[in-house]
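Taking the hints into account, I'd like the entire structure generated from these sequences.
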Amino acid sequence: MNNASIFLDTDHVEEQIAWLRSLRPESAVEEIAQLLTNGAAEDLLWAAGALAAARHLNNQARNLLGFVSHAMIGCEDARRLAHGQPRHTRWLLIIQALYQVVCDLHDPCFAPSALPPFWPTREQTLDDSLTQLRADVRFGEYMRADHRLSGLAEDMPRAALVDLLLDIGLEGMITDDHTLITPVLSLGMVDFVGWKHGFDMLRWGLRYSASFPREFCSYDRARTLRESYGLEHGAPEHEFQAERVAGLCAAFHAAAPAERPELAARALARQGCSPATVLAAVSLVAADCYLMTEPVPHGDYDAVSREVAPMHINTTTNVLREALQSMSPATQALAAIQGGSLLERGPSVLDEQFRFVAFVPSRAYPYEEDVRALAGKQPAALLETLRRALPAHDQRTATAAVAAYAVTGASPEPLISLLIAVACTDNGTLLHNFKHLHATVQEFYACKLPDRWNFLLAGTRFIAWYAGVTTEAYKRATLALELTQAAALSAR
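For the sequence shown, counting from 1, position 395 maps to 401 in my numbering; every step adds exactly one.
Derived by calculation from the structure, the hints in this document are not laboratory data.
Treat the hints with caution; some may be incorrect.
Distance ranges between label pairs, derived from CB positions [said to hold, decoys possible]:
1) R30 x H399: 27 to 35 Å
2) M162 x S33: 42 to 50 Å
3) L455 x A386: 38 to 46 Å
As the structure is a computational prediction, the values presented were derived from the model and not from experiment.
Idealized CB from N, CA, C, for every residue including glycine.
Spelled out as structure tokens, the structure:
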């Protein structure tokens, strides 16, 4: 997952985990700020946060099992987002992420509890064990599936086990994007802390897939398409073909939603496109679709959840592409076809009763007249326009400023740093503000086409909704960092 493993001092990590568990929400922000000012290693805190969430949270509410993993993978999103940012931004990311872990540790839905070690369960043969695991996941037997995973971890090569977990993630992702998001981000943290320490995170990836009622029609159809197009052993082409992405984007846009899964299969089997090429196009089209959604009014019922839902499509396309490197050729082909299924679904729009409704495109952000109004402004002036528009929840001006900035040819780095800094001002909801911004930034860097700015437009559209919604932790963190750093300077 493109992460360099760190040398993990087990004793220090365990000390930090125990320390996190001792904190309380009302003082956690200040104590984390003090620890950072005292020189705590940032990598150590990232590892401790993710591992504390993985080990010491468990489900106490019938319908909230999946949410246990959000703080765990949120630490990984925030860690990646922190790369290359100024120290103040990095520290705010750490404080917000660890604060979410502490809050979850005191949430009656999640704690006090723990994820205990599970003994392995096996059938007579490996094939039977695999069949029963897949059946348990579909049926929702997450406890027994966890036991089976422990057995398979001992009986299968590690690469095959990872491929299995990712295939299971593909199974439910059209109903709940996090069935794939969770294992992929968990693998990123496993690369960071090592397999022995990180395996519990993969257990949560499996448990998530078994935790919610899902429909499997899209996955079953994708498997049928894979077989009917002769892709059971993978696509004929394996290398990324940048020159084909724009044409595929146009084809996906032109196709009716129901035609998009087969379009992906046909591109793999008959048009010589690789899975990476298909998914690069899927990612761009998904960003376009998200920019055709309207923001949920902040005062609406369950506004945060309903606003977050459509943004998940950008994170799912991001993890689909990232997961390819850990998939077998057959699973890669399935992932590309499921990318088409994701475009069939479109952004997950929810109504006031929290029910999925069909995605109907609205006028896409940014509006042309808004971009024209900013034409000719210097990059610094456009950044200032963006800085003012974000907390004002002015999606039109914010996205127009980004589009106008792109035309100037200026470096994207100051703009990305501004978006990340503004994301830090909000507590988020289970760290969604960090998660989805991270995905769009990562997709921007991965894409080399002019349309790559649409990823930053999508991130801007999202942060313009979130900015300033819940700033209690940010205000506490800002004050705490000022006080602790001033005290440290005066003590020298």
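Here is what the structure says about each hint:
The given range of 27 to 35 Å is respected by R30 and H399, whose C-beta atoms sit roughly 32 Å from each other. In this structure the hint that M162 and S33 lie 42 to 50 Å apart at CB holds, the actual value being about 45 Å. In this structure the hint that L455 and A386 lie 38 to 46 Å apart at CB is violated, the actual value being about 26 Å.
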